[in-house]
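The chain contents come next:
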Amino acid sequence: MNKKAIKIIIALILYIFAMVIKFNNELINNLIFIISYIIVGFEILKKALRNILKGKVFDENFLMSVATLGAFGIGEFPEAVAVMLFYQIGELFQSYAVNKSRKSIASLMDIRPDFANVYRNGKIEKVNPNEVKIGETIIVKPGEKIPLDGVIEEGTTTLDTKALTGESIPKEVTLKDEVLSGCINLNSVIKIKVEKEFEKSTVSQILDLVENASSKKSKSENFITKFAKYYTPIVVIIALILAIVPPLIIGGDFLSWIYRALSFLVVSCPCALVISIPLSFFGGIGGASKMGVLIKGSNYLEALSNVEIAVFDKTGTLTKGVFEVQEINPKGVSKEELLKIAAYAENYSNHPISKSLKQAYNEKIDENKIKKFEEISGQGIKAQIDGKNVLVGNEKLMQEKQIEYEKLSKIGTICYIAIEGKYAGNIVISDKIKEDAKKTIEELKKNNIKQTVMLTGDKKSVGESVAKQIGIDKVYAELLPQDKVKKVEELLKTKSPKGKLAFVGDGINDAPVLAMSDIGIAMGGLGQDSAIEASDIVIMTDEPLKIVKTIKLSKKTMRIVKENIIFAISIKVLVLILTAFGLSTMWEAVFADVGVSIIAIINALRALKKPKNL
Amino acid sequence: MSNKFKITGLDCANCAANLERAIQKIEGVETVNINFITQKMELECNENDKEEIIKKVKKVIKKEEPDVDIEKL
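Protein chains in written order, with the working numbering: chain V, 17 to 630; chain R, 329 to 401.
If you're looking for bench data, these hints aren't it; they were derived computationally from the structure. Please note: incorrect hints may appear among the correct ones.
[As the list claims (entries may be wrong)] Simulated pairs of lysine-lysine, DSSO-like, Cα-Cα distance not exceeding 30 Å:
id	chain 1	residue 1	chain 2	residue 2
1	V	K70	R	K368
2	R	K334	V	K516
3	V	K625	R	K391
4	R	K332	V	K235
[To be verified] Stretch by stretch, here's where chain V covers chain R in the computed footprint (C-beta under 8 Å, at least three residues):
id	region
5	358-372
6	375-381
7	387-394
[Said to hold, decoys possible] Just a sample of chain R residues kept apart from chain V, beta carbon distances all over 12 Å, derived:
id	residue
8	E348
9	R349
10	I354
11	E355
12	K384
13	I398
14	E399
Backbone N, C-alpha and C fix where the C-beta goes; we use that ideal spot for every residue, glycine too.
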């Protein structure tokens with residue numbers, strides 16, 4: 017690398033020297049040009065020769081060699097050297113730029129832990145995280161990265177989760193708390209019981225995702241690959257024709273036509289596009305992961321810029337999903353008894369409502385007392401608790417089982433309970449809207465999202481009240497999981513052919529909807545394997561506002577991509593046309609090749625930076 | 329099953345695209361993906377004669393881009 021730079025500098029000095037000082041004997045000038053050329057171009061000539069021997073023409077080295085040697089042949093010494101010189105400067109710059117972005121990507125990848133301190137036979141051993149098994153105990157000192165996912169066995173500390181979530185506020189953790197690999201331990205020594213192998217741990221998953229993101233190529237990238245495939249041969253063929261046909265037909269100066277043909281060869285490399293487009297996408301994906309958003313492919317980053325309809329799940333996405341028992345209204349039983357029965361009935365369910373009931377009950381549940389447990393989808397639970405037949409669920413369940421219940425109109429989820437076929441009261445549970453939910457919807461509208469929709473399994477009154485508070489356009493309530501699929505199918509039909517539909521959910525029970533949407537976005541995905549698996553984009557934290565940030569980033573990336581495509585192609589085509597008519601020289605051709613490449617790469621590097629004012 | 333390789337000596341994006349195309353033509357190769365930026369190659373191929381295919385891939389690489397080396401990850 018350095019050697020190359022030194023060669024370029026020496027050649028450049030010689031070149032300028034020969035350009036500025038005109039010797040009386042032109043031979044001296046030409047000799048200096050030739051020396052300069054050999055210093056800077058020898059490698060290229062060598063590679064070209066080697067490739068020809070292997071039957072490989074049309075490669076860059078070959079084209080540059082032909083163009084420059086041809087220029088020497090027709091006596092254009094300064095041009096010949098300049099083309100080679102600038103070509104090499106361009107190459108050098110290109111590898112510098114690529115290295116730079118590789119490094120900034122590598123710093124994103126810096127979350128990979130190098131070792132784990134594991135307790136074995138009463139001693140601490142430093143091993144590769146790969147070798148640690150589930151159930152072993154590891155020790156993490158302050159300043160070290162947590163190598164594997166697990167649960168704290170001993171100690172209290174604060175963790176820096178920035179690498180995973182983009183969140184700069186440290187998180188406090190203590191005994192029995194779950195900790196994720198990739199976080200940095202800040203304060204004091206903790207002992208962790210390992211719960212996942214390294215391969216399955218959060219840090220490995222994230223690294224895998226980001227590294228493989230570029231294998232799902234965007235339309236723009238596919239276009240460029242195809243373009244590059246045809247562009248070079250076509251330009252070379254035109255160059256050949258240009259060198260042979262016009263002088264025979266129109267007659268005139270062979271040399272000037274050859275000069276034009278050689279200029280064509282200089283412009284024939286599609287490198288500016290081939291490198292800058294994937295680089296832009298890579299930058300965009302890298303920038304997103306810096307703010308705690310994982311994008312699984314360039315195609316999704318591209319699609320995100322065309323979102324027309326944004327569909328949200330309510331619970332856990334727009335609302336906190338942390339339900340709290342607000343009221344207990346018993347009838348014929350005590351408050352404690354009612355809560356106990358509800359908590360027992362909901363024991364096996366992982367629904368947020370169940371969790372809140374169990375939390376409110378806050379006593380140990382004796383699972384032997386639960387019999388004949390049956391979950392009725394979209395309605396509730398039927399079970400035998402302590403020998404009594406119990407129903408716990410929504411109004412539909414009460415109606416279905418023909419229980420005479422007292423209808424309660426309150427915002428929130430109302431859990432109706434019947435014991436032995438008799439209504440026993442209700443429990444009101446409600447959820448809180450996330451602070452940034454309203455701003456998210458506002459910002460989405462500002463960013464040309466035509467329709468915002470909320471889907472919920474919750475009651476109509478709850479859904480509508482939430483929708484009104486955050487300003488969402490449409491709300492469909494009381495949906496069973498399969499209804500959500502149908503609704504999204506309908507919505508997919510209403511968008512324009514180019515528009516995309518994004519679905520945002522928590523990724524736990526909406527996998528089918530996530531999969532069928534153009535873009536499935538899972539929220540709060542940190543540590544949730546199923547969410548990471550089912551979605552195309554994972555937002556590591558709970559903030560819906562990050563969707564807006566990611567859309568902005570995607571638009572910025574796409575703008576850069578389009579700028580580069582249009583800029584590079586139009587300059588190249590323009591120079592080709594001008595050259596064909598003899599209106600431009602090899603100097604313009606050098607610019608159309610190297611200059612365009614450099615400008616496109618500089619432009620692509622912008623994608624790596626986080627967009628401002630968010 | 330995908331096999332990952334580290335690629336060294338690849339210094340032009342167009343070469344990466346060409347190389348990808350050449351490898352794709354090898355019999356038994358299902359998909360191949362060369363990432364110029366991360367310098368990694370991912371190869372999905374018939375697992376039964378994987379060794380054979382990887383040999384062929386190496387041969388193609390030597391022919392197309394003599395300066396490029398791959399190393400199994």
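Against the structure, the hints:
1. This hinted pair checks out: V:K70 and R:K368 have alpha carbons roughly 25 Å apart, not beyond 30 Å.
2. Of the supplied pair hints, the one linking R:K334 and V:K516 is violated, its CA atoms being roughly 36 Å apart against a limit of 30 Å.
3. Straight-line distance between C-alpha atoms of V:K625 and R:K391 comes to about 38 Å, which puts the hinted pair past the 30 Å bound.
4. For the hint pairing R:K332 with V:K235, the CA-to-CA distance comes to about 24 Å; that is within 30 Å, so the pair holds.
5. Coverage of the region 358-372 of chain R by chain V holds. Counting CB-CB distances below 8 Å, 8 residues qualify, and the rule asks for three or more.
6. Look at the region 375-381 of chain R against chain V: 0 of its residues bring a Cβ nearer than 8 Å to a Cβ of that chain, fewer than three, so the hint is violated.
7. With 3 residues carrying a beta carbon less than 8 Å from a beta carbon of chain V, the region 387-394 of chain R meets the three-residue requirement, and the given coverage holds.
8. For R:E348, the condition that its CB be more than 12 Å from all CB atoms of chain V is violated, with the nearest at approximately 9 Å.
9. Separation of R:R349 from chain V is inadequate, the least Cβ-Cβ distance of about 8 Å not exceeding the 12 Å criterion.
10. The claim that R:I354 is not at the interface with chain V holds, since no C-beta of that chain comes within 12 Å of its own (minimum 17 Å).
11. A cut-off of 12 Å between C-beta atoms confirms that R:E355 is not in contact with chain V; the least separation is 20 Å.
12. Every Cβ of chain V is farther than 12 Å from the Cβ of R:K384; the closest lies at roughly 16 Å, confirming the non-interface assignment.
13. With a least CB separation of 16 Å from chain V, R:I398 remains clear of the 12 Å interface cut-off, as annotated.
14. No beta-carbon of chain V is positioned within 12 Å of the beta-carbon of R:E399; the least distance is around 16 Å.
Hint check: violations occur at hints 2, 3, 6, 8 and 9; the rest are consistent with the structure.
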